[in-house]
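**Student:** Using the sequences and the hints, build the whole thing.
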Amino acid sequence: MELKVGIIGCGNIFNLAHKSALKRIEGVKVVACMDIDGERARKGAEELGARAFTNLDEFLDLDLDAVLVLTPTYTHSELAIRALKAGKHVIVEKPIALTVEEGEKMIRTAEREGLHLLVGHVRRFDKRWLQMKEIIEKRNILPMHIRKTEVQNLPFPRDYWYWDEKRSGGVAVDLGVHVTDFLRWFFEGEPVSVYAVGKSIKEEARANGTWDHFIMMIAFEGGKTGIAEVSWAYPYPARYGVFYHHVDIIGRNGRIRYTPLDTPVVGVAKANFEMPRFSPLLSTFPEAFEMELRHFFNVIKGKDEPRVTAQDALIALKIAERAKESAMKGEVVEV
Amino acid sequence: MRKLRMGVISYAHPHALRFAGQIASGRHTKLVAISGDGPNSDVARVEARRFGAHFYKTYEELLRDDNVEAVYIAIETYRHKEVAVRAAEEGKHILLEKPIALTLEDADEIIKAAKKAGVKLMVPYNPRFTEPLQKAKEMLDAGEVGPLEYIYTISENVKPPIFLQGLDMSWFLDARKSGGGGFMDTAPHGIDSLFWLTEDVPKKVYADIGAKIYGFPVDDIGTAVLEFRKGVLAVLTAGWGNPKGYSYGIEMKYYLVGREGFLDIRTAYPDFTVYQERAEKIYWDRPDVRGIVESFARAILKDEKVPIPGEVAKKNLAVVLAAYESSRKRKAVKVSL
Numbered sequence: 204m205e206l207k208v209g210i211i212g213c214g215n216i217f218n219l220a221h222k223s224a225l226k227r228i229e230g231v232k233v234v235a236c237m238d239i240d241g242e243r244a245r246k247g248a249e250e251l252g253a254r255a256f257t258n259l260d261e262f263l264d265l266d267l268d269a270v271l272v273l274t275p276t277y278t279h280s281e282l283a284i285r286a287l288k289a290g291k292h293v294i295v296e297k298p299i300a301l302t303v304e305e306g307e308k309m310i311r312t313a314e315r316e317g318l319h320l321l322v323g324h325v326r327r328f329d330k331r332w333l334q335m336k337e338i339i340e341k342r343n344i345l346p347m348h349i350r351k352t353e354v355q356n357l358p359f360p361r362d363y364w365y366w367d368e369k370r371s372g373g374v375a376v377d378l379g380v381h382v383t384d385f386l387r388w389f390f391e392g393e394p395v396s397v398y399a400v401g402k403s404i405k406e407e408a409r410a411n412g413t414w415d416h417f418i419m420m421i422a423f424e425g426g427k428t429g430i431a432e433v434s435w436a437y438p439y440p441a442r443y444g445v446f447y448h449h450v451d452i453i454g455r456n457g458r459i460r461y462t463p464l465d466t467p468v469v470g471v472a473k474a475n476f477e478m479p480r481f482s483p484l485l486s487t488f489p490e491a492f493e494m495e496l497r498h499f500f501n502v503i504k505g506k507d508e509p510r511v512t513a514q515d516a517l518i519a520l521k522i523a524e525r526a527k528e529s530a531m532k533g534e535v536v537e538v
Numbered sequence: 042m043r044k045l046r047m048g049v050i051s052y053a054h055p056h057a058l059r060f061a062g063q064i065a066s067g068r069h070t071k072l073v074a075i076s077g078d079g080p081n082s083d084v085a086r087v088e089a090r091r092f093g094a095h096f097y098k099t100y101e102e103l104l105r106d107d108n109v110e111a112v113y114i115a116i117e118t119y120r121h122k123e124v125a126v127r128a129a130e131e132g133k134h135i136l137l138e139k140p141i142a143l144t145l146e147d148a149d150e151i152i153k154a155a156k157k158a159g160v161k162l163m164v165p166y167n168p169r170f171t172e173p174l175q176k177a178k179e180m181l182d183a184g185e186v187g188p189l190e191y192i193y194t195i196s197e198n199v200k201p202p203i204f205l206q207g208l209d210m211s212w213f214l215d216a217r218k219s220g221g222g223g224f225m226d227t228a229p230h231g232i233d234s235l236f237w238l239t240e241d242v243p244k245k246v247y248a249d250i251g252a253k254i255y256g257f258p259v260d261d262i263g264t265a266v267l268e269f270r271k272g273v274l275a276v277l278t279a280g281w282g283n284p285k286g287y288s289y290g291i292e293m294k295y296y297l298v299g300r301e302g303f304l305d306i307r308t309a310y311p312d313f314t315v316y317q318e319r320a321e322k323i324y325w326d327r328p329d330v331r332g333i334v335e336s337f338a339r340a341i342l343k344d345e346k347v348p349i350p351g352e353v354a355k356k357n358l359a360v361v362l363a364a365y366e367s368s369r370k371r372k373a374v375k376v377s378l
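The listed protein sequences correspond, in order, to chains G and X. Note that my numbering has the first sequence beginning at 204, numbered continuously upward. Note that my numbering has the second sequence beginning at 42, numbered continuously upward.
No lab work stands behind these hints, which were simulated from the structure alone. Please note that a few of the clues may not be correct.
The list that follows gives simulated cross-link-like pairs (lysine-lysine, DSS-like), each with its CA atoms no further than 25 angstroms apart [claimed, not checked]: (1) Lys372/X / Lys532/G; (2) Lys346/X / Lys356/X; (3) Lys200/X / Lys336/G; (4) Lys375/X / Lys532/G; (5) Lys375/X / Lys157/X.
Derived list of chain X stretches under chain G, where covered just means 3 residues or more per stretch with a C-beta under 8 angstroms from a C-beta of chain G [stated by the list, open to error]: (6) 243–256; (7) 279–285; (8) 299–308.
Calculated Cβ distances over 12 angstroms to all of chain G for the following chain X residues [what the hints assert, rightly or not]: (9) Phe92; (10) Lys178; (11) Glu190; (12) Leu214; (13) Leu342; (14) Glu345; (15) Pro350.
Beta carbons are placed, not taken as given, at the ideal position from N, Cα and C, and that holds for glycine.
**Tutor:** Here it is, written out as structure tokens:
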């Protein structure tokens, strides 16, 4: 059976990640691309051989098996719920929603409608972390202390939606959920409490009254410690605006450390410094998105159980939300 | 400049090995006496013979040696006050292993005794004497990365001291003698470098410290979030988290995020690697120990201020103790320094 798929939101993440993955996945047909910006919808549709829409009702009237929601975070809940109510399975980008409350509503709607709600926690499909997890199990290491860093210099102008806490949740949520989910995944346990501190470093963050540098110390059950550092304010030049990840796992019976600075690159030296031509930072993303989508489509086809559930996504968001509360109060907050 | 005649009190702390060697070979220092108090007194005796220094069984005898002008004290932490106060009373200048003492009250007594006797008191923390960190500080001060915003540091992470061969390190696992485990042992280094880099002190500390890795009766690793008065945020991991196979003896690492730039400082000392059944890094220079001993000797011989006086070491201890308190109570702790 071939799945009929529709896309809502043909902006950044669609163009960077999903578009090329969708071209490679068989058994799936993208039939419609919707965006409030007609030009973006048209371009996306053209590339995927689909029809373009700017009207959501017309789009949802189509006979679609699944809808991919790839829009800014604050619209996730409304769009996902409308798609679910129209009888479509939903794959939504992370974070699941802007707030836990919205996320819960989405999950309830999916349950009521008997449809899948799947959230794009792409780190769970990234071969670096999958292999690390496998090694931990194979070599009998028990992680007790994990530090995960995801940092970048956000290249967008100050009026872009990322900088607006009410639309993106800020860096604590936007990048934060990647790390909070990663920690739960690696510890295979639940968080107990969080202490967090936020800073506004870049002009864009200060102008918008949001944090662009955020530290979470998360206590997990069994005396395990997770340290999450997320930042949009690392002062790399904008052309290096890719993510830098660092992982340090200290455990019983071993330690595992990953820093992109230890791994192979092909750099070029010219009069002006250039981006690396090969870098593990850049190399795993496309494959991860493809693996994620393949997996989600198989789940929808009933061939697979979800490796990461909407509930997982909700807890990842809940930790980030509590962390923001902690940073606001300056106190430890129970999760 | 003439040479300062120094004695080493006790080989309980393994740093005595490095300091004795440096004192003996220093440009402005001479090692004239060693005492064998506490654990590893046999090692102390052998070392005394090796360096041609006079060996005393106890520090009391060493302190009565008029030839000794200054002492490096490497006895177990719980005896710091007793020995340092006596050294001051005997008019000896003091280089006292960190942490300064078990409690802030003891630290005060040591500081007071040194002041009363008119002797110099210094506590050695290594990172600020390492070349990469000094370079970084220079760059910070020159404004090359803009105002400092955030520091992440592992400073320092080592293998548990009981993995050291040939030395009795068991007192490190007894909190009554050491004040704590891996965090107490290593966090003071990182805290000092944060003081120095930020030229500020923290106002609030949150920490998670525990016996997480090895099942020792004391903590083996901890991480603290430190909010400094003038706005710098720092995260510091310290302890004994490195497994046996970890190739570095000491891991020291700093990420400094300024508003306009980023400094990545990853090695403490120049080294080469030996590959056998596992890889091992051999440091071919320890400019930190040299810097500590030289600056201490210079301060005495030229009657200048020591770079890290007792007051700074007391603040350092206050932060360490606040971190332990925070971890115990599971809440953030305010510090007023």
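**Student:** Determine for every hint whether it applies to the structure shown.
**Tutor:** The hints, checked one at a time:
no.: 1; hint: Lys372/X / Lys532/G; result: holds (12 angstroms)
no.: 2; hint: Lys346/X / Lys356/X; result: holds (18 angstroms)
no.: 3; hint: Lys200/X / Lys336/G; result: holds (24 angstroms)
no.: 4; hint: Lys375/X / Lys532/G; result: holds (14 angstroms)
no.: 5; hint: Lys375/X / Lys157/X; result: violated (31 angstroms)
no.: 6; hint: 243–256; result: holds (count 7)
no.: 7; hint: 279–285; result: holds (count 3)
no.: 8; hint: 299–308; result: holds (count 7)
no.: 9; hint: Phe92; result: holds (37 angstroms)
no.: 10; hint: Lys178; result: holds (18 angstroms)
no.: 11; hint: Glu190; result: violated (5 angstroms)
no.: 12; hint: Leu214; result: holds (17 angstroms)
no.: 13; hint: Leu342; result: holds (43 angstroms)
no.: 14; hint: Glu345; result: holds (38 angstroms)
no.: 15; hint: Pro350; result: holds (30 angstroms)
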